[in-house]
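Q: The chain contents come next:
Protein chains: 2
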Amino acid sequence: MNIAVMGYGTVGSGVVEIINKRGTKIVGKSSPCELSVKYILDLRDFPGDPNAGKFTKDFNKILNDESIKVVVETMGGVNPAFDFTSSALKAGKHVVTSNKELVAEKGLELLSIAKENNVNFLFEASVGGGIPIIRPLSVCLAANEVKSINGILNGTTNFILTKMISDNMSFEAALKIAQENGYAEKDPTADVEGHDACRKICILAALGFGNHVYPKNVHCEGITKIMLEDVAYASSYDSVIKLIGTAEKLEDGKLYIIVSPAVVKLSSQLSSVNDVFNAVLVDGDEVGEVVFYGKGAGKLPTASAVVADVIDCANHQDTRRLIGWENENPDIIADYKTIPNQYYIRLMVEDYTAVLPKLKNLFGNIHLLARSGAGTHEIAFITEKFTETDIRNKLSTLKGSDLKSLIRVANC
Amino acid sequence: MNIAVMGYGTVGSGVVEIINKRGTKIVGKSSPCELSVKYILDLRDFPGDPNAGKFTKDFNKILNDESIKVVVETMGGVNPAFDFTSSALKAGKHVVTSNKELVAEKGLELLSIAKENNVNFLFEASVGGGIPIIRPLSVCLAANEVKSINGILNGTTNFILTKMISDNMSFEAALKIAQENGYAEKDPTADVEGHDACRKICILAALGFGNHVYPKNVHCEGITKIMLEDVAYASSYDSVIKLIGTAEKLEDGKLYIIVSPAVVKLSSQLSSVNDVFNAVLVDGDEVGEVVFYGKGAGKLPTASAVVADVIDCANHQDTRRLIGWENENPDIIADYKTIPNQYYIRLMVEDYTAVLPKLKNLFGNIHLLARSGAGTHEIAFITEKFTETDIRNKLSTLKGSDLKSLIRVANC
Chain A
1 MNIAVMGYGT VGSGVVEIIN KRGTKIVGKS SPCELSVKYI LDLRDFPGDP NAGKFTKDFN
61 KILNDESIKV VVETMGGVNP AFDFTSSALK AGKHVVTSNK ELVAEKGLEL LSIAKENNVN
121 FLFEASVGGG IPIIRPLSVC LAANEVKSIN GILNGTTNFI LTKMISDNMS FEAALKIAQE
181 NGYAEKDPTA DVEGHDACRK ICILAALGFG NHVYPKNVHC EGITKIMLED VAYASSYDSV
241 IKLIGTAEKL EDGKLYIIVS PAVVKLSSQL SSVNDVFNAV LVDGDEVGEV VFYGKGAGKL
301 PTASAVVADV IDCANHQDTR RLIGWENENP DIIADYKTIP NQYYIRLMVE DYTAVLPKLK
361 NLFGNIHLLA RSGAGTHEIA FITEKFTETD IRNKLSTLKG SDLKSLIRVA NC
Chain B
1 MNIAVMGYGT VGSGVVEIIN KRGTKIVGKS SPCELSVKYI LDLRDFPGDP NAGKFTKDFN
61 KILNDESIKV VVETMGGVNP AFDFTSSALK AGKHVVTSNK ELVAEKGLEL LSIAKENNVN
121 FLFEASVGGG IPIIRPLSVC LAANEVKSIN GILNGTTNFI LTKMISDNMS FEAALKIAQE
181 NGYAEKDPTA DVEGHDACRK ICILAALGFG NHVYPKNVHC EGITKIMLED VAYASSYDSV
241 IKLIGTAEKL EDGKLYIIVS PAVVKLSSQL SSVNDVFNAV LVDGDEVGEV VFYGKGAGKL
301 PTASAVVADV IDCANHQDTR RLIGWENENP DIIADYKTIP NQYYIRLMVE DYTAVLPKLK
361 NLFGNIHLLA RSGAGTHEIA FITEKFTETD IRNKLSTLKG SDLKSLIRVA NC
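In the order they appear, the protein sequences are chains A and B.
If you read the first sequence in my numbering, its first letter stands for residue 1, the second for the next number, and so on.
If you read the second sequence in my numbering, its first letter stands for residue 1, the second for the next number, and so on.
Hints in this document: simulated from the structure, not taken from any laboratory.
Here the structure is a predicted model, which is why all the values come from computation and not from measurement.
One thing to keep in mind: the hints can contain errors.
Note: identical chains are not told apart, hence a pair may lie in one copy or across any two.
[As the list claims (entries may be wrong)] In silico BS3-like links for lysine-lysine, alpha-carbon gap of 30 Å or less:
(1) 21 / 216
(2) 69 / 115
(3) 147 / 21
(4) 147 / 299
(5) 106 / 254
(6) 254 / 21
(7) 57 / 216
(8) 21 / 115
(9) 404 / 176
Chain A on its own, in the form it takes in the complex (with noise of 0.2 Å):
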């Protein structure tokens, strides 16, 4: 069966390579087709590359060539890709993707385009590189309700927070050896802001709950502002700080979902997810805790499921697997600053032993944290569950203190 990559970066080169090394055998183990790569659109050139006749510039090519039954798109970005992969959709082309940006704005459209012209859109490869979560969340785990979904879903942030918690090093110098060793791109907004894992969690949203979420509407926290003071008091609450990826369903039937640091304990399955890992732990009415955990990102492991979904494209060509949700509904999900929760604070203050009997009248049972070099000017604590608006008003009466940090603690 012929193929065409559309984008030949680091993933769509690595589809490339996986399918030239292997095409016919692994899918001659349960099929007689085999894969051949036929086409690569790229707008660049690539000079001596080994697959010098397949590089085509012109979209068209792949339309209309009738023996391209799957496109794979790893161009990245909403635009072109979301008017080729339609176009190729409606021209009747299975297509598989591993563009997060791309499923996480526009895969409702997609997949009902996807549903009028018989083909699937396929997107494993999207959410936490090779390790399988799409199809075991929507296939595996069907008899389930979800209840909820915590994930460390980018690995160049869990990296960094992992340099920072075992080799105490600030962030900026985590971020640089990140970039040395190509884990974070030269502009790493889209990571350490955690917009990255926010379209990740979009995503896997939508599987569990039914409804697309669109990351615009999604309250999103990065890193940055991640200081070593706060790793060695989480450290003392026998804790590790983790970037979360959390949807969770409410008692109301509304929505909390939130990317942002987190209070992680040793406990949580999730606390020991180190380096470029990433892990989901998917909680079920039935099942209970299941995780998912592997490389996150990365050519091969990435490619790896992109080939998986086209194998799967290959061996069911005409049928259609059924996946979809309805549209978003705005009004489900929850303003995250109601929803109460657990606090991590740290406050400077002028004055500790005076605001001390102050915070415990503010807050009721406080946590108090301690950590070696802090200064008596420095307290750190953690709440019980108040919503974060009662956390800031609360905050606001103490006079003489500045807020340095304000983490949730995460429920998994």
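With chain A held as given, fit chain B onto it using these hints.
A: This is chain B only, laid out in the frame that chain A set:
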């Protein structure tokens, strides 16, 4: 869509409970058809059961009812489960099972009958209870050559070992608590001798490496001989003892497959899997290590995996999922005794100081272990890589020593 459930034990009654609760609702998300349990086959009577009208003792009632499209087999054992399952498949009905013994012994045959009759034989629940593992391994990781599979595949033994490790409890005492909590059967043989884990690693090996492996051809050791002394020595080596099922492709193309206790380093993802939890670690050549974790047993977790397979059948009634493997090739299974591996050895000796130079002479580098309370007649150490045959030959030359424990060190 009407289904029949054969076997109203723990898992079967869970399947009926979940479908009664939400048969319409979940499937309705993506498909117009509803699930409804029409028959429950069981030779026992269940007076007062709310499903009273559905019980039958006559399999032919199910077989001859054309409205039954999917049959759930949760009887356990090979007979009569095999006869009923093959008859149902031949009658054009999809069959979903949680019965690992049936899949491990008769999977090859049943998949072939399913193929001939263009129906599905699905068994997600046969390994890891509710943890998605069968479909992720066969579909999501299809672009990988699997290098190895290592798993904690039995919750009962993992519970017992956790009690031994965390609470310093003997095997016998921990087994008693497992029985009191309903985690172990009155006759715990199948669990504690490793037979249950063996069936599961055989199923995973077939999926991962493409050939059926019969449990009788796999070396299988249980945990009954593990002593607290071994637990203590492992701890001094930053390790825990776990019952590990391993299937690994060797460089010569042969398959190293074994179920036995193993010394697992704390740096392994499997070391922190405690209590009744299961985890499967798959190492793929493209994706690297991925881990699937969750409750590996229990009524509703396992039933939820069965119902997910039923939903998959309902959603794709006219499609056969391409899943299968080749006949067993007995030549492919390596003799485990000839595979070099690191081993943990504990000996009782007459004279510690006299035996030590002899051990170094026999084994070269050894890593000596210590535990508090060990007498001067006990010696424990980790070897470099040797075959078990080599090790036993070497030890047989040591006069006045008594081999108490010989446990492989896990490679995961």
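Q: All hints, please: hold or fail.
A: Results of checking the hints against the structure:
1. Taking the shortest alpha-carbon separations for residue 21 and residue 216, neither the intra-copy value of 40 Å nor the inter-copy value of 36 Å comes in at or below 30 Å.
2. For a Cα distance limit of 30 Å, the shortest separation of residue 69 from residue 115 qualifies both inside one copy, at 16 Å, and across copies, at 25 Å.
3. Taking the shortest Cα distances, residue 147 and residue 21 sit within 30 Å of each other only across copies (16 Å), while inside one copy they are farther apart (41 Å).
4. With identical chains, the CA atoms of residue 147 and residue 299 are at most 30 Å apart between copies only, with a shortest distance of 19 Å across copies and 32 Å within one.
5. Taking the shortest alpha-carbon separations for residue 106 and residue 254, only the intra-copy value of 22 Å comes in at or below 30 Å, while the best inter-copy value is 47 Å.
6. Proximity of residue 254 and residue 21 under a CA criterion of 30 Å is satisfied inter-copy only: 22 Å between copies versus 47 Å inside one chain copy.
7. For a Cα distance limit of 30 Å, the shortest separation of residue 57 from residue 216 qualifies neither inside one copy, at 32 Å, nor across copies, at 57 Å.
8. Taking the shortest alpha-carbon separations for residue 21 and residue 115, only the inter-copy value of 29 Å comes in at or below 30 Å, while the best intra-copy value is 32 Å.
9. In the homo-oligomer, the alpha carbons of residue 404 and residue 176 lie at most 30 Å apart inside one protomer (24 Å), although the nearest pairing across protomers, at 52 Å, exceeds that limit.
In the structure shown, a violation is registered for the earlier hints numbered 1 and 7, in ascending order.
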